[in-house]
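Take a look at the letters that make up each chain.
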Amino acid sequence: MVKLKSVFKAYNQKKVIEDVSLEIEKGTITSFIGPNGAGKSTLVSMISRLISKDGGAITIDGQDIMHTKNNEMAKKISILKQTNAVNLKLTIRELVSFGRFPYSQGKLTKVDEAKIDEAIDYMELRDMQDRYLDELSGGQRQRAHIAMVIAQDTEYILLDEPLNNLDMRHSVQIMKTLRNLVNEMGKTILLVIHDINFASCYSDHIVALKDGKIVKQGRTCDVIDRCVLKDIYDMDIDIKEIDGRKICDYF
Amino acid sequence: MGYKMKTWILAAVAVILMVLYVVYGLTGNLDYILPRRLLKLLAICLTGGAIAFATTIFMTITNNRILTPSVLGLDSLYMLVQTIIIFFFGSNMMVLLGGTVNYLISIMCMVLFSLVLYQFLFKGEKNNIYFLLLVGMILGTFFGSFTDFMQVLIDPNEFMIVQDRMFASINNVNTDLLYISIGIIVLTFIYFMRFYKYLDVLALGREEAINLGVPYHYVVKRLLIIVVILISVATALIGPITFLGLLVVNVSYELMKTYRHFYIIWGAVLISIIALVGGQFLVERLFTFSTTISVIINFIGGLYFIYLLLKENRKW
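Top to bottom, those sequences are chains A and B.
For the first sequence, our numbering assigns the number 166 to the initial residue and increments by one for each residue that follows.
For the second sequence, our numbering assigns the number 781 to the initial residue and increments by one for each residue that follows.
Hints in this document: simulated from the structure, not taken from any laboratory.
From a predicted model like this one, the values you see are computed outputs, not experimental measurements.
A virtual CB, placed ideally from N, CA and C, is assigned to each residue, including glycine.
Incorrect hints may have been included.
Claimed, not checked - Have a look at the derived ranges for each label pair, beta carbon to beta carbon:
# : chain 1 : residue 1 : chain 2 : residue 2 : range
1 : B       : 911       : A       : 168       : 48 to 58 Å
2 : A       : 237       : B       : 1042      : 19 to 29 Å
3 : B       : 1083      : A       : 187       : 50 to 60 Å
4 : A       : 228       : B       : 869       : 55 to 65 Å
Pulled out of the complex, with its shape left as it was, chain A reads as follows:
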């Protein structure tokens, strides 16, 4: 379980995250939604140790993230950022192999190789595993990065706008993969997402942020609500139910 208690972050004098407390259950997909500048990415970066917090506590399965060994944390939680511009000459397989670093420290064992194969097969990258990253399309590259996260084999996976710059087909493909990771492998996924329809259709819980504070958190069906969305986005959003799924018409 990921627990945040009165987490606080400020750049100079400006508060970007104020007193955020929340709990994330195992085996669920939790989406962070909210307007630009709400502090979604900052919050996710703090949970994944990329930036430090200025107050409060973050624990994962009862362990404080700042007082646990880096290597141990890397076996528990992984993050995929929106800017994954690796400027090295890497093949897909080499990138995925990096996911095993917390376990192998650079020397791959048979177990590691098996995990890498598994991750590559899971993302259906077998045919192109020896191609270089800079020769791939955006969707393929994103899949390669997700394969790396799968190879890292952490219980908790954080994704910062994983659908950025992807077309609909690839977006749906990625979201289905994430759903499968939760259903089949029992992972816990936290993601920052802008498209509220994707959040509505694929997540179990939604945390809505605005100006660094939580406006609303709860089950997806409770958050995808006309009044709540009006609060978050200052927009009148029409919500229609199609086959039991709530679809927002904000156009």
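Let chain A serve as the given structure and place chain B on it in line with the hints.
Chain B alone, transformed into the frame defined by chain A:
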């Protein structure tokens, strides 16, 4: 061709050049000439290796392939120290101090300077490396201007002595210094081995490194200190020559076409030795000492740098 094959070919070329350097035109008093040449060769390999090695690490932790440790202002600090000694105490003092003391003072100044720089810069988080580079560059320019200022004021004869130290030269390597340098470099290398496994991951960038469990600040800070020590030793031994690093590491990346630091570092070290031994060979036999090695290296390095800038539209 595999990485191993390429590495072996580079090693072979390096050895051939070394043999050529020692054997070519070997006449006269062998007891005198041979040890001298061997010592010079040792100095060349040591500094060449140290610079290539340090520059590779530096480029990895900054995630940038056109930066060399010289942007930290170490070269200019070295020149400043040399000029200050002569400015305040005169060239007699230089002789009186002897090579060893001057060498140790220079290294200490450079390492201390960098430590202060890091202490002051490593307090926050995020993008500090770029801030570090900015401060390094500004201070480097400041040291350079200050050096110029003092050089204008001193006696022309004394200036000759300073000028002599402005260009890297392997023609008058001090044996005592060489042994101390070997000691320092070996110790630094042993210390480095603890961090070796992190290099490939660090090349992915800060965020990936933290994600994969690298204690980022701890490792980068220590690697920077290793870089500074190696560069300081090389600079104090033969003079400012860090430009060489830019050249050899990039050639190594182009040649090896891999991300694996094991091959990149070996490639860079060997290319560096080839460049320096080959260059020194040209300086001694072809130009008969009418120029110094750093002039040749800077000339070729400058050309290569322009080439790098021109093809920058291509993604590295």
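To see whether the hints hold, each was checked on the structure:
1. 911/B - 168/A: 48 to 58 Å: 34 Å, violated
2. 237/A - 1042/B: 19 to 29 Å: The hint (19 to 29 Å, Cβ to Cβ) holds, given that residue 237/A and residue 1042/B are roughly 27 Å apart.
3. 1083/B - 187/A: 50 to 60 Å: Given about 58 Å between the Cβ atoms, the range holds.
4. 228/A - 869/B: 55 to 65 Å: 59 Å, holds
In the structure shown, a violation is registered for the earlier hint numbered 1 alone.
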